[in-house]
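Chemist: Given chain X's structure and the hints, the job is docking chain H onto it.
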Amino acid sequence: MAINDQNIKDLNAIRKLIKQHKKNDSIFAGVGLFVIATLAVALLVLFLDLVIDGYPKMNLDFFSNFPSRKAEGAGILSAWVGSSLVLIVTFFVAVPMGVTAGIYLEEYAKKGWFADLIEINVANLAGVPSIIYGLLALGLFVYEFGLGQSILTAGLTLSLLMLPIVIVSTREAIRAIPVHIREAAYAVGATKWQVTLHHVLQYAMGGVLTGIIIGMARAIGETAPVITIGALTFIAFLPPSPVTDVVPFINFAWLDAGFTVLPIQMFNWISRPEHAFHINAAATGAVIIILTLLMNGIAIKLRYNIRKKIKW
Amino acid sequence: MVKKQEIIKAESKEFNFHYADGTHALKDINIPLYEKRITALIGPSGCGKSTFLRSFNRMHDLYPGNKYAGEIILYPDNTNILDKKVDPIEVRMRISMVFQKPNPFPKSIYENVAYGLRVRGENNKRLLDDKVEEALKGASLWNEVKDRLQDLAYNLSGGQQQRLCIARALATDPEIMLFDEPTSALDPIATVNIEELMSELKKKLTILIVTHNMQQAARISDYTAYMYLGKMIEFDETDIIFTNPSKKETEDYITGKFG
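Protein chains in written order, with my numbering: chain X, 457 to 768; chain H, 2 to 260.
This is chain X alone, in the form it adopts within the complex (with noise of 0.2 Å):
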């Protein structure tokens, strides 16, 4: 067909209409851009804060030295070993609980209005204030089941805090299976459970770890549940070491000790009028952001490794 002025006008106008489109694909990527840039910027600025602040302190002494009423010669050894001790017994407590919750939930319950109660219900529990957590902790294992304001009772307490999340994103990491890939399992004869163990659990991996991960962040800089069921914010001790030299080589009575945590030792550092607290306190803000950043990172990299391996 001959190329006559109509259609030339009409491929004119498509031009237009084209390039009008493309503006507002400009426009957008604009706006995001400047909403990305500000978040980093802030995050950025927040963490450089504390690090300059703090940097005085940033050596192997401070990771070291006990706290100490004179601000050159404190330091948060008490504080870390606190805040990975209970982070120990939280992984221990919500990580099979939560895995085998999210499993439960997603493979084996009936589906129904008592199964969607639930859901909903996990959903919320993730969302709800921390110190609800801590009140609950402290009328529960402390008063009821007489735990004392110890490090187990301070990992319980954080595990129900991660618990929804490792729940959710197990669940979430389940759902994402596709439909043909368990049907492939069951056709050659596999029962729910070798289904679950042998493809469900292993493909969803990825998510479950990045849930674990992400709630052990979240958890390791709560302060509100830790205070409220009463950790001390000045110890000047260790627990007694988890590890030790005589069969079975492994003890459980630091369990029952008395513990600090790093947000707690920021705080108490904080609401101290002189100056070079301060200092110290920048500096375990910038340890418990290090802490926080690592671990997601961790997240990331396992994600991005187990996700390499499976594609369907």
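No wet-lab data here; the hints were simulated from the structure. Keep in mind that a hint or two might mislead.
Claimed, not checked - Below, simulated SDA-like cross-link-like pairs (lysine to any residue); rule was C-alpha separation at most 20 Å, straight line: (1) Lys108/H to Trp768/X; (2) Lys232/H to Asn31/H; (3) Lys764/X to Ile633/X; (4) Lys232/H to Gly47/H; (5) Lys205/H to Pro77/H; (6) Lys765/X to Gln151/H; (7) Lys567/X to Pro65/H; (8) Lys102/H to Ile633/X; (9) Lys86/H to Thr647/X.
Unchecked claim - Covered stretches of chain X (in silico footprint by chain H; criterion: 3 or more residues with CB under 8 Å from a CB of chain H, positions within the stretch not fixed): (10) 646-653; (11) 761-767.
C-beta atoms are modelled at their ideal positions from N, C-alpha and C, and glycine is treated no differently.
Modeler: Below, chain H alone, put in the same frame as chain X:
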């Protein structure tokens, strides 16, 4: 209607199927599957042929609320595989399945083939090795993958993946193999490979295949059933169905006047 002397391997009798939402998907289906023959199910989309095929390994049991009625009898032991007392896992151990889209596990080629034996508790390395090799040879894939059995299955091409799925289904020595449109996601060359493979497989076992492709049914099957709206319209030898069907509806469908 069937003149040849054939052994019946399985038979559906007054079979009805209801989905959980109440849809009456299959109505009074009666057909035999003859031993070491290929039976093809043809019909327009939504006629229930896949639903029927998936009843043979109780796949519908995975989703709550689906209901079977009537019988599918497996011979020679006269087991009604729809019976509530018969465990669907037992059925799936006797009747294996190949799906429409190749669906290998995100595991190694070896583990894909060995999986059916593993769920049966087989852990003997020598025996597994032998079975994997035998199944891969049976699926004419051995020569292409023998040097890279530990590679991940998704590195294979689509046609190879489908043959891997056939090997997986074959490794457990099934009595019947179900194929649910096994070539609809494959290119013509891979399709020819799979078709040749099925003709080879029927020397050892009974095959039921759903296909959208009438030429495919005509090429490879011994018997053909034409289904429409959940009913079995006509079942006969493939030659008869395609050259001299007794029902007007069948003729309309195979000549392309309808569907």
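Chemist: None of the hints should be skipped; say for each whether it holds.
Modeler: Right, here's what the structure says about each hint:
1. Lys108/H to Trp768/X: holds (11 Å)
2. Lys232/H to Asn31/H: holds (9 Å)
3. Lys764/X to Ile633/X: holds (15 Å)
4. Lys232/H to Gly47/H: The hint holds at about 11 Å.
5. Lys205/H to Pro77/H: holds (16 Å)
6. Lys765/X to Gln151/H: Holds, because 13 Å separates the two Cα atoms, which is no more than 20 Å.
7. Lys567/X to Pro65/H: holds (9 Å)
8. Lys102/H to Ile633/X: Within the cut-off at roughly 15 Å; holds.
9. Lys86/H to Thr647/X: holds (16 Å)
10. 646-653: Held - the segment 646-653 of chain X has 3 residues with a Cβ nearer than 8 Å to chain H, which meets the minimum of three.
11. 761-767: It holds: at least three residues are needed, and the segment 761-767 of chain X offers 3 whose Cβ sits within less than 8 Å of chain H.
Comparing the model with each numbered hint stated earlier shows that all of them hold.
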